[in-house]
Amino acid sequence: MDILVDVLESNQNIQIKVNGEIDAYTAPLLKEKLLTAQETEGLNAVLDLSDVSYMDSTGLGVFVGFYKAVKANGGHMRIVGLSPRLKRLFDITGLGELMDIETAGKGEVNNETI
Amino acid sequence: MRPYDYIELRIPAKAQYIGVVRLAISGLANRVGFTYDDIEDMKIATSEAITNAVQHAYKEDESGEIVVGCALYEDKMEVMVADHGRSFNFDETKKLVGPYHENEDVLFLREGGLGLYLIETLMDEVKVHHEEGVTVFMTKYLGGEQVDQDVEPITS
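First to last, the protein sequences are chains A and B. Per the numbering used here, the first sequence starts with residue 71, numbered consecutively. Per the numbering used here, the second sequence starts with residue 5, numbered consecutively.
Treat the hints as calculated values from the structure; they're not laboratory data. Some hints could be false.
[Claimed, not checked] Anything over 12 Å on all C-beta distances counts as not near chain A; from chain B, calculated:
1) GLU12
2) GLY23
3) ASN34
4) ARG35
5) VAL36
6) GLY37
7) GLU44
8) GLN59
9) GLU66
10) GLY68
11) LYS80
12) VAL130
13) HIS134
14) THR143
15) TYR145
[As the list claims (entries may be wrong)] Example chain A residues on the side facing chain B (calculated, C-beta under 7 Å, incomplete):
16) ALA94
17) SER127
18) LEU130
19) ARG155
20) ASP161
21) ILE162
22) THR163
[What the hints assert, rightly or not] For lysine-lysine, the following DSSO-like pairs were computed, each having C-alpha atoms within a straight-line distance of at most 30 Å:
23) A/LYS101 x B/LYS80
24) A/LYS101 x A/LYS87
25) A/LYS103 x B/LYS18
The beta-carbon is built from N, C-alpha and C at its ideal position, and this holds for glycine as well.
Isolated chain B, as found in the complex:
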């Protein structure tokens, strides 16, 4: 059995649905046991990622979809926002995302302003995958960042 519950939301790439996803994120984060402040942080970070997708992923005459995937663990919550509309294989996509590179993805995402900066500041881990659209992958740990998790022992 996988160690998390997975919930996926699929919304039209329209601004009026951002607030709806925020409500869902709030409810899900509450189930994991996050504090009020952590939940508010996650609502903002998720909204920023969706806003970016709404504003940049599709041309005005195109109708597209945004997929928001949430993985609920005992001690953390992962939120993935993908602007390419198709349902993704959560585990596969997670393997593909890597740290963003200052010069490429950031410029692309930052044209809207402070969005990615806020995502980085409010979440514990952020990864951006830029292929067939943009996928933003964010993690928030229960009770703050746990830096020693998943870190390989240093070998000389």
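This is chain A alone, in the form it adopts within the complex:
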């Protein structure tokens, strides 16, 4: 299994948990799952990436698209559970500034090296 996307939905609240690797092969499935949710007005979406072992620009692209759509419909998107590796991807692309993101293990010392 390369990717597993679990969606927990109740009204305007949606929780999405992604497991596995996000690359050009698996991104279309993730995108498809997000597409059905993003049209909801005032959506409150939480994406849990704590079990994502690999991600590259194709994953970032999917999240940027979702972020834009959710925002346009008056909603909010939050990404939680980012490993230092994933956090770094958001930071070097400038997306970390733009989006509401949270690293895994809040309050822990970040041993990330550049």
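Assemble chain B onto chain A, guided by the hints.
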């Protein structure tokens, strides 16, 4: 004897093989002695180059191949990704690649988004050769960038 070990992978230009190359890159970079973070950087950079080739090199009804060449040195690793399918002469191709030019190659590669930007950020040296397809040539040095290598002494 050449100063490096050379490993070449040839894959169909299909997205499902990107992860397979990532596994190989991970194993090879481990042999050179790269750190966890450097290996992860190389996995992303290589995936970006292959993704670009998968998405742009061939039309939908075309079946093509991508060649990934890896040169393992004592102090660095070079990864070359070529979307024109034929095996390349590593040394010859290396001579041909030059720094990319802001206005041409970048536009071509950037239509997918952040791919080339990530390659540039995560690798120490990146060159793009754009003739008979696209070849991306990337270098990662063991223990960080060594800027003084291969630099000619400045003469006035």
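Here is how each hint holds up against the structure:
{"no.": "1", "hint": "GLU12", "in the structure": "holds (21 Å)"}
{"no.": "2", "hint": "GLY23", "in the structure": "violated (6 Å)"}
{"no.": "3", "hint": "ASN34", "in the structure": "holds (16 Å)"}
{"no.": "4", "hint": "ARG35", "in the structure": "holds (20 Å)"}
{"no.": "5", "hint": "VAL36", "in the structure": "holds (19 Å)"}
{"no.": "6", "hint": "GLY37", "in the structure": "holds (17 Å)"}
{"no.": "7", "hint": "GLU44", "in the structure": "violated (6 Å)"}
{"no.": "8", "hint": "GLN59", "in the structure": "violated (7 Å)"}
{"no.": "9", "hint": "GLU66", "in the structure": "holds (17 Å)"}
{"no.": "10", "hint": "GLY68", "in the structure": "holds (15 Å)"}
{"no.": "11", "hint": "LYS80", "in the structure": "holds (19 Å)"}
{"no.": "12", "hint": "VAL130", "in the structure": "holds (15 Å)"}
{"no.": "13", "hint": "HIS134", "in the structure": "holds (20 Å)"}
{"no.": "14", "hint": "THR143", "in the structure": "holds (18 Å)"}
{"no.": "15", "hint": "TYR145", "in the structure": "holds (15 Å)"}
{"no.": "16", "hint": "ALA94", "in the structure": "holds (4 Å)"}
{"no.": "17", "hint": "SER127", "in the structure": "holds (4 Å)"}
{"no.": "18", "hint": "LEU130", "in the structure": "holds (6 Å)"}
{"no.": "19", "hint": "ARG155", "in the structure": "holds (6 Å)"}
{"no.": "20", "hint": "ASP161", "in the structure": "violated (10 Å)"}
{"no.": "21", "hint": "ILE162", "in the structure": "holds (5 Å)"}
{"no.": "22", "hint": "THR163", "in the structure": "holds (6 Å)"}
{"no.": "23", "hint": "A/LYS101 x B/LYS80", "in the structure": "violated (37 Å)"}
{"no.": "24", "hint": "A/LYS101 x A/LYS87", "in the structure": "holds (13 Å)"}
{"no.": "25", "hint": "A/LYS103 x B/LYS18", "in the structure": "holds (22 Å)"}
Comparing the model with each earlier hint shows violations of hints 2, 7, 8, 20 and 23; every other hint is respected.
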